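**Student:** Protein chains in written order, with my numbering: chain A, 1 to 264; chain B, 1 to 276; chain C, 1 to 266.
Worth flagging that the hints you see were computed from the coordinates, not collected in a lab. These numbers come from a predicted model, not from an experiment. Please note: incorrect hints may appear among the correct ones.
Said to hold, decoys possible - Taking lysine to aspartate or glutamate pairs in the DMTMM-like style, the calculated list, with each CA pair at most 25 Å apart, reads:
#1 A:Lys259 to B:Glu130
#2 B:Lys198 to B:Asp229
#3 B:Lys143 to A:Glu66
#4 B:Lys167 to A:Glu168
#5 B:Lys167 to B:Asp146
#6 B:Lys73 to A:Asp48
#7 A:Lys110 to A:Glu161
#8 B:Lys74 to A:Glu202
#9 B:Lys198 to B:Glu130
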Amino acid sequence: MTTVPRKPFDKSQVWLRTVLLLLTGVTLYTLMQLSAPDLDQKLALMADNFRLMFSESHFKHLTLLEGLYGIAITLSLAIQTTLIGALGALMLGLLAARNLAPHWLTSIIKSFVALIRAIPTILWVLIFAVSAGLGSTAAVIGMTFHTVSYLTKSYSESFEEIEPGVIEALRGCGARWWQIVFQAVLPTSLHPILSWTFIRFEINFLNAVAMGAAAGAGGIGFDLFMAGGHYLDFREVGMITYLIIAVSMILESSSIQLKKRLEL
Amino acid sequence: MELLEIRDVSKIYNRQTVALSNISLNVGEGEFVSIIGPSGAGKSTLLRCINRMIDPSSGAVFFQQNRIDQLPKKKLRQVRTQIGMVFQHYNLVNRLTVFENVLHGRLGYKSTLAGVLGYYDSFERRAAYEILAALGLQEQVFKRCDQLSGGQKQRVGIARALLQRPKMLLCDEPIASLDPSSSKIIMDHLQRISREMKITCLVNLHQVDVAIKYSDRIIGIRNGEVVFDGPPAQITPLIIEQIYGTEAHELILSLETLQPGQKSPVKQSEVAHAAC
Amino acid sequence: MQPVEQTNLFFRQRRWSSLLGFVLIGLLSLGSAWLTEFDSVRAVTSFLKALNWLFTRFHPTVESLAKLPKIGEKMAETILMAITATMMAAGISMVLAIIGSQTTRVNSFFGTISRGLASVLRNVPVIGWALILQFSFGQGMITGLLALLFGTTGYLTRAFIETIDGSSDSSVEALRASGANYLHVIRHAVLPSSLPQMMSWILYMIETNVRDATLVGILTGSGIGFLFELYYKGSYYNHASLIVLVIILVVIGIETLSNQIRRIIL
């Protein structure tokens, strides 16, 4: 009689299950701690609110034109943040790429960038608002931090994918570092750079909405905050939400299109 | 006149792996020298120690009577402009055009800014065009490199090296990724370059038959040491076995099958004997 | 000579197209600066001023250390909230992803609905959801939790769909060929091959949600965000800086831990 051998000990499986179990446990614990009196009533209220919000949405304190103007401002905030951030990240990305900079420098920049990312965007904005005052300037500076961090990481990874031989060949011709960067590195990674930058632009649009609502940066986010937090008009909130979703979806699909096009 | 002198050069990686040990060589102007040996023998390391893409651990390298193994960065760049390099995988910037890739050969002569902006004067552009035409690439000048075949890419690589106006070409396995007919075109071009332009060619090869056919002189390397240095006529099955060790039998056989008609210095009977 | 003129033309075209690119980017940045009344001079000066302030004034003092227990408590609350929102979202996303994936969908109608829902959920910023949910749940942790849940569900569904499509195509086909029914296929082909990658996404979202929870907390008055807002508004910058330090430690800690776990399970 043959016996089926016992399943061998699979470390990754065991870890996967343990972590999953642990996180589920924490979730259940938190949910039990959460005191939510008459949750069912509130959920019913939520359903009703959602229905009103999205089926009877209207403009009241805002016109469509003003709404579009708000969108334009928010897009502008995102554009500025993305452009400034991309410029900074290009520089840092070159210095963070292991094939272009000495090892000690790349690790310093990579940890610096990780540190920046650890602090939430809103805190960066608020920190800079202390001296710049709440408004678009503080928002752009604050959002630029995460943009630089994100793009530095993605750019440097694209740079690191360049064939080492290409850099070697140019060094062999007697080319200098800057010449190699502009003649080989940037032309080769132009498409991934564009693609990453657009993805970040998409993220920055949503961030700019959030900063408008939470840090007085203006734009559609501020309109949303006024409609929701000040006028308590959820039909208008619904309308503004529609606007945001529309723009965001356009950006998302253009980003996918761009990615497809550039990969050819 | 000696163009290149290598004196007692050694290269040790990570303080333990010996890639080259006490290599000494002299190479004259216009010579066509092939370096053969099994993979991992140190052929690539040797070539790269000459233009210092790799720094030798000890020993001295003289190029045109100047010691170059301890030159500061700026002087080193000047020396590198005199030494062209051709690679197995061509190492072109694929997203740029053939023309731009060839002009990269001028970067070592340029100011940083002119190189960064990609500014080349009309002499350089004319020279680049002429070299491309001489290599039979006049139809491909404005094509992007990723649209070329392997053999065409390698010719672009050679054009880039020639535009440096070098005294010497270092070719690291130039035909290892190519089919036989493209290989022949490339080797013929290299031979013409060395004969007509009097540019010294130092070529790493792993095809012994090709080395015998094209070289003025063959250097055999094994385990980082020179085990043979002489004209192709002196190559015997015994020497091939010295260079390649246990791999030799297959090589000798392929030598026989690939080049049956060629008047090889290796007598057919001897080959058969060695293969037994 | 013919070829040189040809190359002149080539380089001229190159130069014009890159010039055009720079002009476009320049116009874009000028236009957007004009719309938002962005003052670049003021931005630079206030940036430098803020950096100076950051390094000279924005640091914890001995006094602020006394607030550490309070901060720790709120931080723990935030972490719990981030984990809970992520795990609940993961559960929902799993279902949505299985329905929405090309490989495992039941039919194209439900697939489109599922992907559309996910798209709506992730294309409204989390803070938007928080504002909307405030109408029904008022201020507090539940609003924050649900806002994170909405955003995370949108994001994870997309990630899970990509994971399923990327990792289980061939195994699904093999199992279908052997006559397994839909649930068997899910249980024995889809889940085993995509679970590790999904776990990786979950860990990533937990880290993101700790940061987003800070933002949501400021608006809904819960967790570490609320405490930061309190100190910030009261100009207790030393206390606020201690919160920033704690957040840095926690986020980097979670990131390191996640990377360790990823290394084992992937």
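**Student:** Give a verdict on every hint.
**Tutor:** Going through the hints against the structure:
A hinted pair counts as satisfied when its Cα atoms are at most 25 Å apart, and A:Lys259 with B:Glu130 does not qualify at roughly 39 Å. For a cut-off of 25 Å, the pair hint linking B:Lys198 to B:Asp229 stands: about 21 Å separates their Cα positions. Among the hinted pairs, B:Lys143 with A:Glu66 is inconsistent with the structure: their alpha-carbon atoms are about 50 Å apart, more than 25 Å. At roughly 19 Å between alpha-carbon atoms, B:Lys167 and A:Glu168 fall within 25 Å of each other, so this suggested pair holds.
A threshold of 25 Å between alpha carbons decides the hint, and for B:Lys167 with B:Asp146 the separation of about 29 Å lies outside it, so the pair is violated. Taken as a hint, the B:Lys73 and A:Asp48 pair is broken in the structure, with Cα atoms around 73 Å apart against an allowance of 25 Å. Distance check on the hinted pair: A:Lys110 and A:Glu161 sit about 17 Å apart at the alpha-carbon level, within 25 Å; holds. Restraint check for B:Lys74 and A:Glu202: not satisfied, since their Cα atoms lie roughly 44 Å apart, outside the 25 Å limit.
A hinted pair counts as satisfied when its Cα atoms are at most 25 Å apart, and B:Lys198 with B:Glu130 qualifies at roughly 18 Å.
When held up to the earlier numbered hints, the structure conflicts with 1, 3, 5, 6, 8 and fits the remainder.
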